[in-house]
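*Asks:* Read in order, the letters of the sequence shown correspond to residues -19 to 204 in my numbering.
Everything labelled a hint here was simulated from the structure, so no lab data went into it.
Do not take every clue at face value.
Each computed EDC-like pair below joins lysine to aspartate or glutamate, with the alpha-carbon atoms no more than 16 angstroms apart [claimed, not checked]:
1. Lys127 with Asp62
2. Lys127 with Glu114
3. Lys127 with Asp64
4. Lys127 with Asp171
For each label pair, taking beta carbons as the anchor points, the in silico distance ranges come out as [stated by the list, open to error]:
5. Gly134 with Pro(-4): 38 to 48 angstroms
6. Ile101 with Arg52: 34 to 44 angstroms
7. Asp90 with Ala30: 28 to 38 angstroms
8. Arg108 with Ile(-6): 11 to 21 angstroms
Each residue gets a CB set at the ideal place from its N, CA and C atoms; glycine is no exception.
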Amino acid sequence: MLDPPIVPGEDGLIQPTRARLFALLGDLARPAGTAELAERLGLHPNGVRAHLERMRGDGLLVRERDRRPRGRPRDAWSVSPDADPGGNAPSAYGDLARWLARSMRSDTADVEQIEACGRQIGRELAGRRSGSEEQQLQSALSALGFKPRLERRGQGRLGVVLRNCPYREAVRENQPLICAMHRGITRGLLDRISPHGDVAAFAPHDPDTAGCVVELTGIGGGEP
-19 MLDPPIVPGE
-9 DGLIQPTRAR
1 LFALLGDLAR
11 PAGTAELAER
21 LGLHPNGVRA
31 HLERMRGDGL
41 LVRERDRRPR
51 GRPRDAWSVS
61 PDADPGGNAP
71 SAYGDLARWL
81 ARSMRSDTAD
91 VEQIEACGRQ
101 IGRELAGRRS
111 GSEEQQLQSA
121 LSALGFKPRL
131 ERRGQGRLGV
141 VLRNCPYREA
151 VRENQPLICA
161 MHRGITRGLL
171 DRISPHGDVA
181 AFAPHDPDTA
191 GCVVELTGIG
201 GGEP
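Using the sequences and the hints, build the whole thing.
*Replies:* Structure (structure tokens):
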């Protein structure tokens, strides 16, 4: 059962432990329990729980309650689809992505090979997840920073509106190649989350305004 959203407050990532927790959940790209997060960071679960609750209050995380036959429900934390953290993150990785994109000219790069590489990355990112195919897909894309909104468009058809482009700096340098990588990542996620699913359409938009739309078929066990 998913808790209702709480109105976001001030930036919850100013505090270092909360920043580490947010980064860890982004790296895991899946829901994780309080005990697991505390163990990975070498912290006490009670303190970690307080930070997680604060981050949920700031709209950065969502908490699912895993009902069990015995004992108290288990909390599972994941990055919120609406997460919009503030602050100024280090730019080195973003700069590196821009430079790599600039160095690979579209007329000489092997776009198919880049998409194939992205597909393998997507399979790795999918990991082990729980919930419906839609929930798993939303969790993975949220962890990557896309702020996805899923729209059911008939049996087995799903539209995914990406309200943020985490690759915007690199896209400005070389949109065809970065979008090919992203398309491959999406296909790789489907390979693990919904093997019968497929990418029917991939419509990129201006990275500054976002709004890219991915049309998927065969999601949720339906026919394309």
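*Asks:* Look at each hint and say if it fits the structure.
*Replies:* Hints and how they fare:
1. The hinted pair formed by Lys127 and Asp62 meets the criterion: a straight-line CA distance of about 5 angstroms does not exceed 16 angstroms.
2. Restraint check for Lys127 and Glu114: the C-alpha separation of about 14 angstroms stays at or below 16 angstroms, so the hint holds.
3. This hinted pair checks out: Lys127 and Asp64 have alpha carbons roughly 8 angstroms apart, not beyond 16 angstroms.
4. Distance restraint check for Lys127 and Asp171: the Cα-Cα separation of roughly 21 angstroms exceeds the 16 angstroms cut-off, and the hinted pair is therefore not satisfied.
5. Taken as a hint, the range 38 to 48 angstroms holds for the pair Gly134 and Pro(-4), whose Cβ atoms sit roughly 46 angstroms apart.
6. Separated by about 37 angstroms at the C-beta atoms, Ile101 and Arg52 satisfy the suggested range of 34 to 44 angstroms.
7. Separated by about 49 angstroms at the C-beta atoms, Asp90 and Ala30 break the suggested range of 28 to 38 angstroms.
8. Distance hint for Arg108 and Ile(-6): a CB-CB separation of about 32 angstroms, inconsistent with the stated range 11 to 21 angstroms.
Hint check: violations occur at hints 4, 7, 8; the rest are consistent with the structure.
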